[in-house]
Amino acid sequence: MSNATSRRNLICAAGAALIATAFGTTSFAQQTGPIKIGLLVPLTGPLAAPGIDMVDGFKLYWDQVGNMAGERKVEYVIADTTCNPDQAITQARRLVHQEKVHIMIGPLCGHEGPAVAQVSKETGVPLVMDTAGADSVTKWDRTPTVVRTAVSASQIGHPFGDYLYKELGARNVTFIGQDYTWGHEVTLGMVQTFKELGGKVAKIIWNPIGTKDYGATVASIAPGSDAVVAVVVGADRIRLFEAWFSFGMDKRFKMYGGYWMHQDALPQMDDRAIGMIGNSLHYAAGLDTPANKAFVDAFAKKHRRLPSWFSESAYTASLWTRTAIEQIKGNVEDRAAFLKAMRTSTVQAPRGTLKLDDYDNPIQNVYVTRIQKINHPAVGAVLTNVPIKTYENVSQFWTWKPEEFLKRGPYKR
Amino acid sequence: MKVRSYGVVMALIAIAAALAAPLVADPFWMTLITQIYIYGLLALSVDLLLGHAGLYSLCQASFFAVAAYTTAILQVRYGYPTIVAAPAGLIAGTLLAVLYGSAVRTRGVYFILITIALGYIIWGAVYRWASFTGGDNGITNVPPPSVAGFSIASQTAYYYFVLTVVILCAFGYRILIRSPFGLSLRGIKGSESRMQSLGYRTTMHLYAAFVISGLIASLAGVLYVYYNRFINPVAASFQISVEVSLMAIVGGSGTIVGPFIGAGVFLGLRNWVSSFFELHTAVMGAVFIATVLWAPSGIVGLVERWRPGIGKPKDQP
Chain H
1 MSNATSRRNL ICAAGAALIA TAFGTTSFAQ QTGPIKIGLL VPLTGPLAAP
51 GIDMVDGFKL YWDQVGNMAG ERKVEYVIAD TTCNPDQAIT QARRLVHQEK
101 VHIMIGPLCG HEGPAVAQVS KETGVPLVMD TAGADSVTKW DRTPTVVRTA
151 VSASQIGHPF GDYLYKELGA RNVTFIGQDY TWGHEVTLGM VQTFKELGGK
201 VAKIIWNPIG TKDYGATVAS IAPGSDAVVA VVVGADRIRL FEAWFSFGMD
251 KRFKMYGGYW MHQDALPQMD DRAIGMIGNS LHYAAGLDTP ANKAFVDAFA
301 KKHRRLPSWF SESAYTASLW TRTAIEQIKG NVEDRAAFLK AMRTSTVQAP
351 RGTLKLDDYD NPIQNVYVTR IQKINHPAVG AVLTNVPIKT YENVSQFWTW
401 KPEEFLKRGP YKR
Chain X
414 MKVRSYGVVM ALIAIAAALA APLVADPFWM TLITQIYIYG LLALSVDLLL
464 GHAGLYSLCQ ASFFAVAAYT TAILQVRYGY PTIVAAPAGL IAGTLLAVLY
514 GSAVRTRGVY FILITIALGY IIWGAVYRWA SFTGGDNGIT NVPPPSVAGF
564 SIASQTAYYY FVLTVVILCA FGYRILIRSP FGLSLRGIKG SESRMQSLGY
614 RTTMHLYAAF VISGLIASLA GVLYVYYNRF INPVAASFQI SVEVSLMAIV
664 GGSGTIVGPF IGAGVFLGLR NWVSSFFELH TAVMGAVFIA TVLWAPSGIV
714 GLVERWRPGI GKPKDQP
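Chains H and X are the protein sequences, given in the same order.
Take 1 as the starting number for the first sequence in the working numbering and just add one per residue.
Take 414 as the starting number for the second sequence in the working numbering and just add one per residue.
Rather than coming from a laboratory, the hints here were simulated on the basis of the structure.
The C-beta atom is built at its ideal place from N, Cα and C for all residues, glycine as well.
Be aware that one or more of the hints could be misleading.
[Claimed, not checked] Which stretches of chain X does chain H cover? Using the computed rule of at least three CB atoms under 8 Å from a CB of chain H, they are:
hint : region
1    : 432-446
2    : 551-557
3    : 630-644
4    : 685-696
[Unchecked claim] Incomplete in silico selection of chain X near chain H, CB under 7 Å:
hint : residue
5    : 543
6    : 548
7    : 647
Can you make the complete structure from the sequences, with help from the hints?
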């Protein structure tokens, strides 16, 4: 008797569950549930440190807004991509299929970008592309469900070529570039604008990521160079810094950082960096605006260090995503509306005012910075990048027409 | 006889479980299992040389990547259909093995070194020849395979396709290693000079094994590119060659199921454990150390210790 009842109950329950799945209107069921966001970053591997910077920036933002967007709760899942495209693809598929995220943010490594965009394309889940900066993603190889909130590589290179010629007065320059896509695009972006103004490239020295010894590099700088420009990433930034001074090159050449002394690397450098030009970048922790001050103070208070551009990037990607979610009143199930809101909204980020161009890349300021030692109340004496020149509202196409740029093709060594 | 029927029963259970997997597993697990089959096939190609011929090849990723790149480039850049692109990938990878097979003139540590160097040539080429291979960004948007208007677009369909290929390969492989040819490979592994004195042209045997291994790796490469719809120089990297060797060793070298089990452990740890444990690489390290210390013949060897005769050719001691 009791057995029969329990079986009947079970059948009833199963039937009810089936009916609920079949008829439960998606809008009702999902509108009330939380919004799930997947963050794809490397937490292990060669770029783990910037990856953790991104996680910290990301969490800081969602903490500040109480994990709410469009009157819905926001839950996030962080997936470790290990800076390997294979792993990035599998993890992106995990976020979509298993975690059922509504939106993906990330990844970090340039070559992971196209891989994750592929998953966005096949599943339709919007991807807010963060620090991965491959030019092609917003130029030749665009995906309708992908928008970029950080930067494309050559976007920060073009202004520096201009600065190098006009403000620094360099005419014959040796470039030290990192030998992979991001390095090529940043370096050759600089070379392009510098040469168009009439500058001469004495030499370009390419080093693979993870070059152990920069002695050979600094020794092969072309003798007549009136400036040397560095585009380096990861631990190579520190190795170049050490080699530069220990070989006494600082007495023979003028060295400028095109993409070099980022905030996450500065603690491993020292006071010899003071006064050098550190970067040409869309963000600098020393930027003197109320929005940035608030961000830097909050970050420094929590983590006892200043934010790098990776932190700001993940913070702003979250801010932008939330702005769009608010605009569509939390209805992230409507992917087209979400993407439209991302594409049309203007965001007041720590790094300045941002808006997407017609090719889904932000139009933003680029700051040429000098390294200075400042006293931050939460961190104490600390080296940081302070802007000395601002290029306002820089497009990824610089001053060229988009069609002209697209026709010219990608920067390749 | 009893042992043999036990093995057959186990194989049937495994195949039945694999066939039923899409009914219970969610899409993420299906992609992961598909990936495990593909990497298991690549690990199997390593193990033909490692477990049977006693050669430690570290350029398997080259055949894998060349096959995958050829298929991807033909499909995406030149718009050739699968019926052309997939066989072309297989042929390109195998031709590379025919060329690289000259490495079998060396033995031991020299063989390892030369295969590392050969592997780096392919990695360097796909990385640097950006106008043709897409460089770091790789090649995206590889379409799902379709032959004569019949497209394998859904994940489940592709899963069954990969499963079929893997089962057929496993049977072919079984026939191969149980043939006189397989026996002579193990003879060379045991004592090459004795095989030579018995009149075997050992280098030709090893060369043939190397080319067959390259063919299996190429097949894995073609399956991979249609699975991932994306290829990038990491696929040709030294890291992949090492990882698949580890898969074969952890699973059980010299067996057929071993490399697949190893691939399952390896990819499972990396993709699943990483979702809830940040130090997943440390877990992986611990597994390798434990394998080396307590299970030198891999997970299959561990199972065999209490149930002899699984997945092991009979002529082995």
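Does the CB of residue 548 of chain X sit less than 7 Å away from some CB of chain H?
Constraint on residue 548 of chain X satisfied, holds at 6 Å.
When the least beta-carbon distance from residue 647 of chain X to chain H is tested against 7 Å, hint result:
With Cβ-Cβ at 6 Å, under 7 Å, it holds.
Take the shortest C-beta to C-beta distance between residue 543 of chain X and chain H; is it under 7 Å?
At 5 Å from the nearest chain H Cβ, residue 543 of chain X passes the 7 Å test, so the hint holds.
Mind checking, does the region 432-446 of chain X have 3 or more residues with a CB under 8 Å from chain H?
Held - the region 432-446 of chain X has 6 residues with a Cβ nearer than 8 Å to chain H, which meets the minimum of three.
Would you say the region 685-696 of chain X counts as covered by chain H, given the rule of at least 3 residues with C-beta under 8 Å?
It holds: at least three residues are needed, and the region 685-696 of chain X offers 5 whose Cβ sits within less than 8 Å of chain H.
Quick check: the region 551-557 of chain X, covered by chain H? Criterion 3+ residues, Cβ under 8 Å.
Since three or more residues must qualify, the claim that chain H covers the region 551-557 of chain X holds, with 3 doing so at under 8 Å.
With a C-beta cutoff of 8 Å, work out whether three or more residues of the region 630-644 of chain X approach chain H closely enough for the coverage to hold.
Answer holds; 3 residues pass the 8 Å Cβ test.
Violation of the numbered hints given earlier is absent; every hint is satisfied by the structure.
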